[in-house]
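Residue numbers (our numbering), protein chains in the order written: chain A, 1 to 254; chain B, 1 to 424.
None of these hints come from the bench; they were simulated from the model.
Check before you lean on any hint, since a few could be wrong.
With the Cβ distance kept under 7 Å, some of the chain B side facing chain A (calculated, not the full set) [as the list claims (entries may be wrong)]:
| no. | residue |
| --- | --- |
| 1 | 112 |
| 2 | 175 |
| 3 | 182 |
| 4 | 183 |
| 5 | 184 |
| 6 | 185 |
| 7 | 189 |
| 8 | 388 |
Subject to a maximum C-alpha distance of 20 Å in a straight line, what follows is the list of computed SDA-like cross-link-like pairs (lysine to any residue) [said to hold, decoys possible]:
| no. | chain 1 | residue 1 | chain 2 | residue 2 |
| --- | --- | --- | --- | --- |
| 9 | A | 249 | B | 107 |
| 10 | A | 220 | A | 190 |
| 11 | A | 37 | A | 220 |
| 12 | A | 249 | A | 81 |
| 13 | A | 224 | B | 66 |
| 14 | A | 253 | B | 112 |
| 15 | A | 253 | B | 109 |
| 16 | B | 61 | A | 59 |
| 17 | A | 253 | B | 111 |
| 18 | A | 225 | B | 258 |
| 19 | B | 61 | A | 226 |
| 20 | A | 253 | B | 189 |
| 21 | A | 224 | B | 258 |
| 22 | A | 136 | A | 160 |
| 23 | A | 249 | B | 115 |
| 24 | A | 253 | B | 107 |
| 25 | A | 225 | B | 113 |
| 26 | A | 249 | B | 61 |
Only some residues are given here: those of chain A computed to face chain B with a beta carbon under 7 Å [what the hints assert, rightly or not]:
| no. | residue |
| --- | --- |
| 27 | 108 |
| 28 | 119 |
| 29 | 122 |
| 30 | 123 |
Ideal placement from N, C-alpha and C gives every residue a C-beta, glycine not left out.
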Amino acid sequence: MLILKMKFKNMRINPVFIVVLLFFSGSTQQDGDDILKKVENNISSENRVFESTMTIYGNRSSRIITSRTYAVGDQKSYTEYLSPAREQGTKMLKLENQLWIYSPSTDRIIQISGHMLRQSVMGSDLSYEDMMDDRKLTEVYSSRIVGHEEIDGRDTWILELTAKVTDVAYYSRKMWIDSGRYIPLREELYARSGQLLKSTSLSGVEKIGQRWFPTNILYKDMLKKGAGTEFNITSIKFNQEIPEYIFTKAALKQ
Amino acid sequence: MIEFLFKGLIRDGSRSRLPLLVVIIGVALTILLHAYITGLMGETIEMNARFSNGHLKVMTKAYAENITQIPNDLALVDVNELLDVLNQNYDGIDWSPRIHFGGLIDVPDEEGETKSQGPAVGMGIDLLTPGSAELQRLNLTKSLVRGKLPASRGEALLGEGFSVKLRVDPGDHVTLIGSTMDGSMSFYNFLVSGTVSFGQEALDGGSIIADIEDVRYALNMENAAGEIVGFQKGGLYDNELALREAEKFKSIPTDDSGDFAPVMKSLSQQGNMGFYVNMSKVWSTYISLVFVIAMSLVLWNAGLLGGLRRYGEIGVRLAMGEEKGHVYRTMIYESAMIGIAGSILGTLIGLFFAWLIQKYGIDISGLMKGSSILFPAVLRAKITAADFYIGFIPGLVSTVTGTLLSGIGIYKRQTATLFKELDA
Numbered sequence: 001m002l003i004l005k006m007k008f009k010n011m012r013i014n015p016v017f018i019v020v021l022l023f024f025s026g027s028t029q030q031d032g033d034d035i036l037k038k039v040e041n042n043i044s045s046e047n048r049v050f051e052s053t054m055t056i057y058g059n060r061s062s063r064i065i066t067s068r069t070y071a072v073g074d075q076k077s078y079t080e081y082l083s084p085a086r087e088q089g090t091k092m093l094k095l096e097n098q099l100w101i102y103s104p105s106t107d108r109i110i111q112i113s114g115h116m117l118r119q120s121v122m123g124s125d126l127s128y129e130d131m132m133d134d135r136k137l138t139e140v141y142s143s144r145i146v147g148h149e150e151i152d153g154r155d156t157w158i159l160e161l162t163a164k165v166t167d168v169a170y171y172s173r174k175m176w177i178d179s180g181r182y183i184p185l186r187e188e189l190y191a192r193s194g195q196l197l198k199s200t201s202l203s204g205v206e207k208i209g210q211r212w213f214p215t216n217i218l219y220k221d222m223l224k225k226g227a228g229t230e231f232n233i234t235s236i237k238f239n240q241e242i243p244e245y246i247f248t249k250a251a252l253k254q
Numbered sequence: 001m002i003e004f005l006f007k008g009l010i011r012d013g014s015r016s017r018l019p020l021l022v023v024i025i026g027v028a029l030t031i032l033l034h035a036y037i038t039g040l041m042g043e044t045i046e047m048n049a050r051f052s053n054g055h056l057k058v059m060t061k062a063y064a065e066n067i068t069q070i071p072n073d074l075a076l077v078d079v080n081e082l083l084d085v086l087n088q089n090y091d092g093i094d095w096s097p098r099i100h101f102g103g104l105i106d107v108p109d110e111e112g113e114t115k116s117q118g119p120a121v122g123m124g125i126d127l128l129t130p131g132s133a134e135l136q137r138l139n140l141t142k143s144l145v146r147g148k149l150p151a152s153r154g155e156a157l158l159g160e161g162f163s164v165k166l167r168v169d170p171g172d173h174v175t176l177i178g179s180t181m182d183g184s185m186s187f188y189n190f191l192v193s194g195t196v197s198f199g200q201e202a203l204d205g206g207s208i209i210a211d212i213e214d215v216r217y218a219l220n221m222e223n224a225a226g227e228i229v230g231f232q233k234g235g236l237y238d239n240e241l242a243l244r245e246a247e248k249f250k251s252i253p254t255d256d257s258g259d260f261a262p263v264m265k266s267l268s269q270q271g272n273m274g275f276y277v278n279m280s281k282v283w284s285t286y287i288s289l290v291f292v293i294a295m296s297l298v299l300w301n302a303g304l305l306g307g308l309r310r311y312g313e314i315g316v317r318l319a320m321g322e323e324k325g326h327v328y329r330t331m332i333y334e335s336a337m338i339g340i341a342g343s344i345l346g347t348l349i350g351l352f353f354a355w356l357i358q359k360y361g362i363d364i365s366g367l368m369k370g371s372s373i374l375f376p377a378v379l380r381a382k383i384t385a386a387d388f389y390i391g392f393i394p395g396l397v398s399t400v401t402g403t404l405l406s407g408i409g410i411y412k413r414q415t416a417t418l419f420k421e422l423d424a
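So here's chain B without its partners, still in its complex pose:
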């Protein structure tokens, strides 16, 4: 019978084409939106992780309590020894020490007097160790606008907007005026090797990035770091795993105690990120659910209309002696076939477009000009395992449900009135 019904659907386009098209479009849109929301939320989390929070972060207790002030006087010391401990105990994490700092960038003229000056937010990261993952993590190679990446000590990158403001070009020298770990004023000369643009006004307009050893020397922070960030080797942030890893750190003995004892926090335990991680999960689920429900209603309605549209056909079949149950079952089988076919095709189409957005992204950097919040400039979708089956909820389940409901009317048809209906 299945083969008979299938042939019937193929031969009679009026019974299959429109319902199939509706299911394909509905399923494709569902998958596309789900992948887009997942990508958007995840990309924002990853961006914050790469630039600021890491998937995990180790810092002193006092530093963690005052983190918004970047209190380098409360930084971790004996960092090399701490890194050994972390590498021994956490196989699946890549650890990198970082120093965040603030200060002024002073640009000298030919006389050595101040030509221009501007406040800067700086980051000392491992730029010069061969194979350092920090270059890729911050996407520095692709973010380079002018010049080149630092290749030796004493070189630094400036944000492109910052360099324009200060009238500084690659090859010029600038002086960092900052605070050392013990609170005294520090001065350090850098050669601007290049400029970078992250597409974020907040970063491009006032950032300086230098090798961590230069920053350590400048700020008198030998073998110290404000924080050690860790990234899960799987690539994407896994909150449950990160929470377990942070909990595990409490049982590892360390030399320091009190305010200078090291603590480990997952991304979701840092500042507002916990709220954001939970919110993104909830939002992602709710938005997807709302859309799935909406598409389900549409396709349910399509199923209903399909059943109602065949009122005459069903009447003829009943008049010819076909059993009501048999008619009902065939309708359900047909809608199931349309639902499956439409869901598969819709899933493929939806995944294709989601893949395009995942690979190439939607560039909104033009809209982000002047923004001071850290938000991705290129929005990307993220295909997950759920995208391979979520389309079947509206595509198959709703379509069949619609047919199930519309088919109930079959049992209310009276044989005695069938011929009258036919005459009409």
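If we strip away everything but chain A, and leave its shape as in the complex, we get:
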């Protein structure tokens, strides 16, 4: 301790301050991460099968697209679009960090990579890149609690997340986490410059089994005009028996 004091004395730093800083920063980091882990417990699952409608509010009109998705963890997912007629039969397969689309009109399986990932999914405010990044938030971001706010009668923690890896679409995020149910009710996604890129609002939170799950999500691309994209889960089941063949390229053409 004496040596430490002497060293720090030479550097003109109060050792007590550092200890306090380490202690509190560590505990803040832990609190933020702790909350995020509980959120992930709610949102993530071993596998899930769900049907959804996506209402895309465009410049001139709205479109509703229905789909069915099979997902295993955050590594595999298979989505088939059911309606409208133009989209019917289009399928997407995600395996780890690769994404393929099958187009029935061309009978082709095309891998989506590179800049194509920035294209919007079916014209929505969501991009393929958004869909691809299913990593746990705690793996990608460091977090801290910056305040509290009430949303729709629910008390929320406000978390600020900053990327701790470089290969991330959104450098920072702000999340409003329902303190009772550990579900995000609102989220803002920012670029490194601080520009707000996307915002999401989550509602329709339901208890499904042991978890809380939002069944209604409104995505808004803040760089586009328009009212955004509303994603509504019409049915969801967790931990189902999903045949492995579904997550193959051959299944896309069936």
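Please build the complex by placing chain B on the supplied structure of chain A, with the hints as guidance.
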């Protein structure tokens, strides 16, 4: 007297041959350069008009504001109805809907996997309607390198350089990966019917041209178009007329309002073309003027020298009792005759060479290899009404002016010193 002077010029080649030759060459060069500059500037404007701007263009207000991004989500809708309105109100304009788009061309192998892929700039135009002017406008028939023009739905043309890069031949299938009007990814198969070369690297290296109905289906743009281009039936772009026509459109009522209201712009009101149209007019005038002045100085000098060269002859004529004014007038008449003859012959020669360059052009496509700017590969002259008289400015006016100035010296000659000069 005129006849006497004319006979004198014919019989005495030393007084007429050289001055006549100088005037002919000067006038021919003046006309040739003027026609060349007019053609060069005009051809660049027409090329941009045919491929991109039209003489007039109708699009939505929002599309016009973001045109560099080819925002098909802001395209015109109910295009057939709009075309009816345009045809009713604009007799002298040919209207054609077009869709510009970007995307990827994906070439499958035997397994259906991607063999090659490349970014493409596409154009959907009316290729299949019998009598469509778009084929001729884009000179597609003459630009065809391999294969044939699309004859049915589902066929497309690729730029020759693009097809080589992708290792695609006529008869192969390719898939267009693009964006629909509502922003979702689209896939559409085309059969490559042929390849084209416009002599422009920018076009040949990455273009796909297909019938507009195929593009409408691919991009979910039924009865829609990014733009409707209009071409003046006179053929060449008339800026004043186009501006009046664009102004007239503001008074035509339409169903849409706000960002999706249709607007009409003349070629000169689009992007940098306004600057280019004005600049080409100014440049054409300035370059021609500079050359006319330069040739005028040359021919003025020739006139001066002609007068000075005949110093001795004039002295003899004055000594023989000819009136100074009479000598002066005869010199002016002679130079006028040389000027007129030289101007006429020079004009004919200049027009002939200008016509050759207008008809056959100067092929600079070899110099344009690797260029990404839209510039004519074949430079052509353009003969206009001005070419029939512009040669007379240096040819006649300057020659006579030179003689007028050199002849002033006649009035300073003293009769008393004439014989001394003769002795010398």
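Verification of the hints:
1. Below 7 Å, beta-carbon pairs count as interface contacts, and residue 112/B has one with chain A at about 6 Å; its hint therefore holds.
2. Contact between residue 175/B and chain A, as hinted, is supported at the beta carbon level, the nearest pair being about 5 Å apart and thus within 7 Å.
3. Annotation: residue 182/B was flagged as interfacial toward chain A, and the flag holds, the nearest CB pair being 4 Å apart, inside 7 Å.
4. The beta carbon of residue 183/B is positioned within 7 Å of a beta carbon in chain A (closest approach about 3 Å), and the interface hint is therefore held.
5. Among the interface hints, the one on residue 184/B holds; its C-beta lies about 4 Å from the nearest C-beta in chain A, closer than the 7 Å criterion.
6. Restraint check, residue 185/B versus chain A: the minimum CB separation of about 5 Å is within 7 Å; hint holds.
7. For residue 189/B, the shortest C-beta to C-beta distance to chain A is roughly 5 Å, which falls under 7 Å, so the interface hint holds.
8. Hint status for residue 388/B relative to chain A: violated, with the closest Cβ pair at about 55 Å, above 7 Å.
9. Taking the CA atoms of residue 249/A and residue 107/B, the gap is about 19 Å. The hint holds against a cut of 20 Å.
10. Note on residue 220/A and residue 190/A: the hinted pairing holds, with a Cα-Cα distance of about 13 Å set against a maximum of 20 Å.
11. A C-alpha spacing of about 25 Å is found between residue 37/A and residue 220/A, which places the hinted pair above 20 Å, so the restraint is violated.
12. For the given pair, residue 249/A sits about 16 Å from residue 81/A by alpha-carbon distance, which is consistent with the 20 Å threshold.
13. At roughly 13 Å between alpha-carbon atoms, residue 224/A and residue 66/B fall within 20 Å of each other, so this suggested pair holds.
14. For the suggested pair residue 253/A and residue 112/B, the alpha carbons sit about 12 Å apart, so the restraint of at most 20 Å is met.
15. Distance restraint check for residue 253/A and residue 109/B: the Cα-Cα separation of roughly 17 Å lies within the 20 Å cut-off, and the hinted pair is therefore satisfied.
16. With a C-alpha separation of about 14 Å, the suggested pairing of residue 61/B with residue 59/A holds against the 20 Å cut-off.
17. Between the alpha carbons of residue 253/A and residue 111/B the distance comes to roughly 13 Å, so the proposed pair stays at or under 20 Å and holds.
18. With a C-alpha separation of about 14 Å, the suggested pairing of residue 225/A with residue 258/B holds against the 20 Å cut-off.
19. Between the alpha carbons of residue 61/B and residue 226/A the distance comes to roughly 17 Å, so the proposed pair stays at or under 20 Å and holds.
20. Annotation: proposed proximity of residue 253/A to residue 189/B holds, straight-line Cα distance about 17 Å (limit 20 Å).
21. Of the pairs offered as hints, the one joining residue 224/A and residue 258/B holds, with about 17 Å between alpha carbons and a cut-off of 20 Å not exceeded.
22. For the given pair, residue 136/A sits about 15 Å from residue 160/A by alpha-carbon distance, which is consistent with the 20 Å threshold.
23. Distance check on the hinted pair: residue 249/A and residue 115/B sit about 17 Å apart at the alpha-carbon level, within 20 Å; holds.
24. Restraint check for residue 253/A and residue 107/B: satisfied, since their Cα atoms lie roughly 18 Å apart, inside the 20 Å limit.
25. Note on residue 225/A and residue 113/B: the hinted pairing is violated, with a Cα-Cα distance of about 37 Å set against a maximum of 20 Å.
26. In summary, the hint linking residue 249/A to residue 61/B is not supported, as the alpha carbons are separated by about 44 Å, beyond the 20 Å threshold.
27. With a least beta-carbon distance of about 5 Å to chain B, the hint placing residue 108/A at the interface is held under the 7 Å criterion.
28. With a least beta-carbon distance of about 5 Å to chain B, the hint placing residue 119/A at the interface is held under the 7 Å criterion.
29. At a threshold of 7 Å, the smallest CB-CB gap from residue 122/A to chain B is about 4 Å, leaving the interface hint in force.
30. Taking 7 Å as the C-beta cut-off, the interface hint given for residue 123/A holds, the closest approach to chain B being about 3 Å.
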